[in-house]
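Participant: So for the sequence shown, UniProt numbering puts the first residue at 1; every next one is plus one.
For the record, the hints were derived by calculation from the structure and aren't laboratory data. Being a predicted model, the structure only gives us computed values, none of them experimental. All residues carry an ideal CB built from backbone N, CA and C; glycine is no exception. Careful, some of the hints might be misleading.
Restraint-style ranges between C-beta atoms, simulated for each label pair [said to hold, decoys possible]:
id: 1; residue 1: V29; residue 2: E8; range: 16 to 24 Å
id: 2; residue 1: V54; residue 2: A14; range: 17 to 25 Å
id: 3; residue 1: G61; residue 2: K25; range: 31 to 39 Å
id: 4; residue 1: K25; residue 2: A60; range: 32 to 40 Å
id: 5; residue 1: K51; residue 2: H5; range: 17 to 25 Å
id: 6; residue 1: D52; residue 2: G9; range: 19 to 27 Å
id: 7; residue 1: V3; residue 2: D52; range: 18 to 26 Å
id: 8; residue 1: A60; residue 2: M24; range: 27 to 35 Å
id: 9; residue 1: V3; residue 2: D40; range: 15 to 23 Å
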Amino acid sequence: MTVVHVDEGEHVLAGQRMVVVEAMKTEHVLTAPAEGVVRDLGARSGAAVAKDAVLLTIEAG
Numbered sequence: 001m002t003v004v005h006v007d008e009g010e011h012v013l014a015g016q017r018m019v020v021v022e023a024m025k026t027e028h029v030l031t032a033p034a035e036g037v038v039r040d041l042g043a044r045s046g047a048a049v050a051k052d053a054v055l056l057t058i059e060a061g
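Work out the full structure, taking the sequences as your base and the hints as a guide.
Facilitator: The structure is reproduced here in structure tokens:
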């Protein structure tokens, strides 16, 4: 299961929580590695995530 905390086009700051993915009853919090704008949001809340799936892209700026 996935919980998405950002929207496509949203400006994010380094360290901001973006996505939480649950795997084997453990939650993994994915944070923004740098400041930028969320592009190509491929993750959806409640959806399963395939191995090696790209959940989102951050464009610098």
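Participant: Now tell me if each hint is right for this structure.
Facilitator: Taking the hints in turn, this is what the structure says about them:
no., hint, result
1, V29 / E8: 16 to 24 Å, "20 Å, holds"
2, V54 / A14: 17 to 25 Å, "20 Å, holds"
3, G61 / K25: 31 to 39 Å, "37 Å, holds"
4, K25 / A60: 32 to 40 Å, "35 Å, holds"
5, K51 / H5: 17 to 25 Å, "22 Å, holds"
6, D52 / G9: 19 to 27 Å, "25 Å, holds"
7, V3 / D52: 18 to 26 Å, "20 Å, holds"
8, A60 / M24: 27 to 35 Å, "33 Å, holds"
9, V3 / D40: 15 to 23 Å, "18 Å, holds"
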